[in-house]
Each structure stands twice: as C-alpha cells, then as structure tokens.
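Turn these sequences into a full structure, and let the hints guide you.
Which chain is which? The protein sequence lines are A and B, in order. Taking the working numbering, the leading residue of the first sequence gets 1, the next gets one more, and so forth. Taking the working numbering, the leading residue of the second sequence gets 1, the next gets one more, and so forth.
No wet-lab data here; the hints were simulated from the structure. Glycine included, C-beta positions come from ideal geometry on N, C-alpha and C. Any given hint could be a false lead.
Unchecked claim - Rough simulated footprint, nothing fancy, chain A against chain B, three-plus residues with beta-carbon under 8 angstroms: (1) 96-108; (2) 112-125; (3) 285-293.
Chain residues, written in single-letter form:
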Amino acid sequence: MTDSLLPFSVFFASIFTGNILLTNYLGMCSFLSVSKELKTSTGLGMAVIFVMATTTPLNWIVYQYLLIPFGLEYLRFIVFIIVIAAFVQLTEMTLERYSEPLYQSLGIFLPLITVNCAILGVSLFMVIREYTLLTSFFFGLGSGIGWFIAIIAMAGIRQKLKNAKIPPGLEGPGIALVIAGFMAMAFMGFSGMIALS
Amino acid sequence: MKIQKQQAMRTVLYALAPLCLAAIYFFGWRFIATLVVVGATGLLCEWLMARRYGFKITESLFVSCTLFALSLPPTIPLWIAAVGIAFGIIFGKMIFGGFGRNIFNPAITARAFIYISFGVPMTAAFVGNATQGGWFPAGFGSWMSQADSVSAATPLVTGDASLFELFLGLTSGSFGETSAILILLGGLYIMFKKAANWKIVVASLTSFLLLQSIFWATGLQIATESGLKGVSDPLTALLSGSFLFAAFFMITDPVSSSQTTNAGRWIYGAFFGILTVLIRTFSTWDEGVTFAILLANMFAPLLDTLIKGAKAKKKLKKAEGGKA
Numbered sequence: 001m002t003d004s005l006l007p008f009s010v011f012f013a014s015i016f017t018g019n020i021l022l023t024n025y026l027g028m029c030s031f032l033s034v035s036k037e038l039k040t041s042t043g044l045g046m047a048v049i050f051v052m053a054t055t056t057p058l059n060w061i062v063y064q065y066l067l068i069p070f071g072l073e074y075l076r077f078i079v080f081i082i083v084i085a086a087f088v089q090l091t092e093m094t095l096e097r098y099s100e101p102l103y104q105s106l107g108i109f110l111p112l113i114t115v116n117c118a119i120l121g122v123s124l125f126m127v128i129r130e131y132t133l134l135t136s137f138f139f140g141l142g143s144g145i146g147w148f149i150a151i152i153a154m155a156g157i158r159q160k161l162k163n164a165k166i167p168p169g170l171e172g173p174g175i176a177l178v179i180a181g182f183m184a185m186a187f188m189g190f191s192g193m194i195a196l197s
Numbered sequence: 001m002k003i004q005k006q007q008a009m010r011t012v013l014y015a016l017a018p019l020c021l022a023a024i025y026f027f028g029w030r031f032i033a034t035l036v037v038v039g040a041t042g043l044l045c046e047w048l049m050a051r052r053y054g055f056k057i058t059e060s061l062f063v064s065c066t067l068f069a070l071s072l073p074p075t076i077p078l079w080i081a082a083v084g085i086a087f088g089i090i091f092g093k094m095i096f097g098g099f100g101r102n103i104f105n106p107a108i109t110a111r112a113f114i115y116i117s118f119g120v121p122m123t124a125a126f127v128g129n130a131t132q133g134g135w136f137p138a139g140f141g142s143w144m145s146q147a148d149s150v151s152a153a154t155p156l157v158t159g160d161a162s163l164f165e166l167f168l169g170l171t172s173g174s175f176g177e178t179s180a181i182l183i184l185l186g187g188l189y190i191m192f193k194k195a196a197n198w199k200i201v202v203a204s205l206t207s208f209l210l211l212q213s214i215f216w217a218t219g220l221q222i223a224t225e226s227g228l229k230g231v232s233d234p235l236t237a238l239l240s241g242s243f244l245f246a247a248f249f250m251i252t253d254p255v256s257s258s259q260t261t262n263a264g265r266w267i268y269g270a271f272f273g274i275l276t277v278l279i280r281t282f283s284t285w286d287e288g289v290t291f292a293i294l295l296a297n298m299f300a301p302l303l304d305t306l307i308k309g310a311k312a313k314k315k316l317k318k319a320e321g322g323k324a
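Rendered as structure tokens:
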C-alpha cells in the first residue's frame, strides 16, 4: 500500500477489521452501562468520536515534541491520561458556557469518558504502530466511529430484549457481555479485508 | 415432554425435506447420522433449559437443527456438530428467553461458532459428490461419498463447475447447499405459504447480483496468497456456496430478522446481500454468508427502532400540520 493511502486504509480498518471495542474489547465499562437506551448511547457515541479524533493527534504532538526530546517516553501512560482529562474538562466547560443544546446532548457524557480505556488505548496504539500525525487523526476518528456503531447496535438489541425472560443470573451486564461476544464473532467476518498494523 | 406446535415451522420443515433427501443422494447416509446427533443434542439442550427456567419447547427447534445439519460439510466429525448445536441452542436462543426472543438465528450462531473454532474440518474437508460415480445408487448406496479426495475444495473456491452442475447440485459442498433447484422450489414454497417474507429474499438476491455484477464488470482483481484472483460472474457466484440457501431459509427467520416494517425488510435483505459479496471478495474467508447473516441480525433491532422512530416523527408532523 502506498503511503499516501495509509490514513484512509487505517480509517476503514479501525472501523471494521480492528474495531476497538469488538476486537480489542476496550471501553467495555461505559459500553455495558450506557447501552440500555438508544438516545443516551447515541450521545455517548458522538462524544467518544469527538474525543478520540481530537485527543489522538494531540497526544501525538505531545509525544513527538515533548516526551521524545526529553527522553520521557516511559511517562506516556500518565501524560496521555492527563492530556485527555484536561482536554475533556476544558471542552466540557467551553460547551457549557457557549452552547447549551450541544452541552445537553454531548457535554454531559464527556466526564464519563475521560477515563475510558478505549481512548487511552487508541493513543497508546498510535505510539506502538508509529503513525504520523494525519494517520493518528484518522485512526482516532475511525476508532470512535467503530465504537459508535457497536454501541448503537447494542442499544437496539437491548431495547428489543426489554421484555424478554432472561435467566435471573444473566440479566443486565451478563447478557450484554454475551451479546458483545456474538457481535465480536460477527465482526470477525471482516478479518483480512484491510490489515491494521 | 410437551412440544408446542407451530404451523409456520412445519411449513419450513416440509420445504427442507427434499433437501435432506438430496443430501443423502449426493453425500451418503452419513447425513442421517448427523441429523440425528444434531437433533438429539438440540432437543436435550432445549429440554434442560426449558425445564430449569420454565420456557416452552417449540417446533422451531427442529427447524434450527435441520438448517444447521444441512449447512455442515459432509465429513464433519459428529462431536463437532453436537458442540455446535449445543452452543447455538443454549447461547443463541435459550438464554435470551427461548423462542421469539433470540437476537441471532440459532442455526447460524451454531455454525459461526464451529466455523471459527474448528477451521480445518469446516473449510478444508469436503468430499466429492456421489453422482460422479454414476447416477444410481449414488449416495443411497454408501455411508459417505468417496468420489473424490477428501480435501476437494468447493466450486466457490475453485470456480470450475458448470452452471448446469451448480443448478442441479452435482458439486461438492455442504450437505444442503449444493442443489440450487431444490432450494428454489423449497424457498418458493415457504414464500407462497407466507412462512418467509418475499421482500427480504428479493432484496437480498437483487443486491447480491447487482454488486457482484459491478465487481465482475469492472474486472476487479484481488490479491491473494496464490497471486491475483478475478471475481467470478454473478450467476456462478449466486449458485455456488450457500448464498441461495441462506437467502431463502436463514435470513427469513421471522424472529431474528427485521420484521416490523416493509422498509426494514428491504434494507435488511439488501444489507445481507451486499455484505455477503464484500466478505466473500475481500476478506480471508471463502464464504461470507455466515458472517453476513450474523451482522444483519446484529443491526436488525437498531433498524427497526430507527424506522419506527422516523415513522412516529412523520406522523407527529402530519398531525401538527393538520391542526395548523
């Protein structure tokens, strides 16, 4: 594959073949707790897309121009979390101050995903796979969209299951994990389409 | 043990009966052994779960078991078949609350589970068709057809069968997927009896043919390990592999498909057809049908919710407009 096409192949691969939720099983906690309603799932999914698409390139800049020159690569876990948390808090405050409707639909989910492992995971994968700035952005965006697709599909399924007689021990997160397993099985069908390296 | 009667499921079973006979004729009596093992294991699992949680045992179980048995390769070890159906019935159906609640088609969850877990017996152990050794008694005279070497690849991979052979089903492949004519007859029967919705079938067939024609017409070449490979023409692609079988019997399952709106049915069917072509063409799997069904099942509830929401909004707007 030519280098100029790499961002786009990474974009599609991170949605389908390497879905952050269904192949790496990251971001499970908020996925399980919020996916009961379609409306909240959509809001949270949008927030994840936004945060992933912005923090991944941001962390790339921090890593390349701050951590590497000072030889502090081993601090990246802490630094990435601080960057994500600070950025998310700032966005939330800005939204609350300037755009009430946007804050209502998106902002209230932002604090929820500050510590979402999928978001830190995307930043760490970006370092391991040695992406460029542009590729990092598309990787973050694609991972966010992949997460969004998975959570709204899950919300649809859980709404359908509302009146189902699920065995007592499996209600709630139990059955959700089983469904997530089936979803991951379905997404295995995409394997080999575009490689994510 | 009480088994709940379901007329629609009986219709499907009648439609599957010729396919079962054909499976014996093409691949030998071993099919009956597979069917019995699958049916008995499925019934046992359903009975255990039903007894424990107070569900009903329904006739849909036998449809799931027959569909699953027909989708297996002729050399499948019987214990793998048993593991598959146990998974499909318990995890695919019963833990969601029994019949009518399952999100995914139990037969296809069973197949997908063993497809992923036992790659070689599921993909590389096909035997040739018994009719290669003469028209009669063919499979009726043997336990398992030995017409060819055990690892005969299906026409889906080799692409060397004629349309005539594919249409009658004289090729290697899974038990019930080879004969297009019998699938068509059975499929038309269940559509006529309204056990399957014709919109889903038509949508999936047209979208499949359309996308495959586009790929074929543009002369797409796919890079594989053994070099570049072209895309087969739409008719061959339609008749080889298990697409027809799935389009008529698997995705039309009234529970796991999108079944509340007509728009949902069209989109659902088209989604399945397109995904099958994409997965067949681009992914590492030879046969995309299994995963395409799972994916279509996965998005069906969301599709239903979205369409219902859009309709409610439209109605609301109309009502408001009428007032003003």
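Taking the hints in turn, this is what the structure says about them:
A count of 6 residues in the segment 96-108 of chain B with a Cβ less than 8 angstroms from any Cβ of chain A is obtained; the coverage claim is therefore met, three being the minimum. Only residues whose beta carbon comes within less than 8 angstroms of a beta carbon in chain A count, and the segment 112-125 of chain B has 3; three or more means the coverage holds. Coverage of the segment 285-293 of chain B by chain A holds. Counting CB-CB distances below 8 angstroms, 5 residues qualify, and the rule asks for three or more.
Violated hints are absent here; each numbered hint is respected by the structure.
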